[in-house]
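Chemist: Spelled out from the first residue to the last, the chains are:
2 protein chains.
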Amino acid sequence: MKKSLGATPIAIPSPVWMIGSYSADATANLMVASWCGICSSNPPCIALSVKQSRLTYQNIIEHDAFTVNIPSQDQVCLVDYVGTVSGKDEAKFIATGLTSVKSELVDAPYVKECAMNIECKLIHAMDIGIHTQFIGQIVDVKADKRILDGNLNPSVKKLKPIIASASDRSYYAVGEYIGQVYHIGNKQVNIPQNF
Amino acid sequence: MKKSLGATPIAIPSPVWMIGSYSADATANLMVASWCGICSSNPPCIALSVKQSRLTYQNIIEHDAFTVNIPSQDQVCLVDYVGTVSGKDEAKFIATGLTSVKSELVDAPYVKECAMNIECKLIHAMDIGIHTQFIGQIVDVKADKRILDGNLNPSVKKLKPIIASASDRSYYAVGEYIGQVYHIGNKQVNIPQNF
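Those protein sequences? They're chains A and B, same order as listed.
Residue numbering for the first sequence follows the numbering used here, starting at 1 and increasing by one per position.
Residue numbering for the second sequence follows the numbering used here, starting at 1 and increasing by one per position.
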C-alpha cells in the first residue's frame, strides 16, 4: 500500500559537497550543498541549486565561478558546522582552519583539505522560486593522489564521500560495492518476491 | 599532492533513479537516471538531465511530465538492465515484469514495485550541449507504508536506495548512519591530522 506524502521536496539519496566562492571583498566563502550534481557531459557541467538569500548566490553572480569540494566522511562534523553558519557573519575558512587555494582557472577558491576539487565557470542561471539553478561548466577536476585507483580515477572507497537524505535530514556513509554499471543487468530479470 | 584530471564529468556520489514517461503511442517507458536531484523547495522541484537522443527526452517534451521511481538495492540488476536497452527497441515494463501505474496527477506512469514514487509536471527545459536539463515540479510523493519511519518519512534504512559513482562507473549501497544534519557540527572543529 502506498501513502501519499504530498508535494514535498524529498528524494533520496543526494551528495554532500562544499561550494567555494569569493565575496565582493575577495573573502573566500564555503556553503554546504546537497541539491547538486553532474548535469551534462559535453560540455561537462554541474548543476547547483542555491537560495537567492545566500551569500554564495551573490558571490557566484558576481564572480561567474564556483568550486565543488568533495569532503570525506571523517570531515562530516566540520562540513555540518559550515552548513550552520553564514559567511555574512563569519569567515568560514578561518573558523574551520580549512585552507583556501585560489584557482588558477576560475575566480573561486577551492579547499586544500578536500581530496577532490572541481573548478566551474558559470554558464547559465535559472531562477526557480526562491532558489536559483546555477549551471557551472567543469574546467578542471583535481584529486589527491592518495584517493586515485589503479586507473587514476577517484576511488569511492578511498575518498569516502558523504551522502545526505532529505527525508530524515541525516548523513550516511557510502556502503558496500555492488557492481559495475551496465554489466550486472540480465535479460532474465526477476522481480523480488516481496514486491 | 593533487593531480589534474582535466575537464571531465566526474563527481561523486549520485542517486540511481528510474524515470517513467509515456511515448506518443502511450507506451510506458523507463530510463535510468543518475544526473538528477532535488533543485528547489518552493515550488518543490526535481532537476533531471536527459540526452536529447533518448526516447525519454521526446516523451517528456510531448507529455510535460515524468515520474521518479526510487529503486531498492535488491532491484539493482533489474535497474541496470533498464539502463542497457532503449525503449525504442523494447517495451521495458513488459521485459522486466514491472507494473506501470497511470498517475492520476500527471501524464506519466510510475512503477508499482518501487517503494517511492515522485510525480512531476514539467515547468522548464534548458538545453546544455547534448543534454537537456528538465525541471519537474513535484505534484505528489508516494511511498510504500513498509518503508516509512515513525515520523512517516521514507526511511533510508528500509528503502535501501542505490548510489552511483561516475568515477568508477559502479553501484554502491548506502552505508552506516552518521548523524543529523545541522546537529553534529561543532564550533571547536578540528582538521583531521592526515590532511
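None of these hints come from the bench; they were simulated from the model.
Misleading hints may appear alongside valid ones.
Copies of the same chain are indistinguishable here, so a pair counts whether it falls within one copy or spans any two.
Listed below are the simulated PhoX-like cross-link pairs for lysine-lysine, each with C-alpha atoms no more than 25 Å apart in a straight line [claimed, not checked]:
(1) 158 x 121
(2) 121 x 157
(3) 160 x 51
(4) 51 x 121
(5) 157 x 112
Only a predicted model underlies this, so the values are computations on that prediction, with no experimental measurement involved.
Chemist: State for each hint whether it applies.
Modeler: Against the structure, the hints come out as follows:
Taking the closest pair of Cα atoms, residue 158 and residue 121 never come within 25 Å of each other, the shortest separation being 28 Å inside a single copy and 39 Å across copies. For the identical chains of this complex, residue 121 and residue 157 are neighbours neither inside a copy (29 Å) nor across copies (37 Å), given an alpha-carbon limit of 25 Å. In this assembly of identical chains, residue 160 and residue 51 lie within 25 Å of each other by CA distance neither inside one copy nor across copies; the values are 27 Å within and 29 Å between. In this assembly of identical chains, the alpha carbons of residue 51 and residue 121 lie at most 25 Å apart whether taken from the same copy (19 Å) or from different copies (22 Å).
Taking CA atoms no more than 25 Å apart as the test, residue 157 paired with residue 112 passes inside one copy only; the shortest distance there is 20 Å, against 33 Å between copies.
Checked against the numbered hints given earlier, the structure breaks hints 1, 2, 3 and satisfies all the rest.
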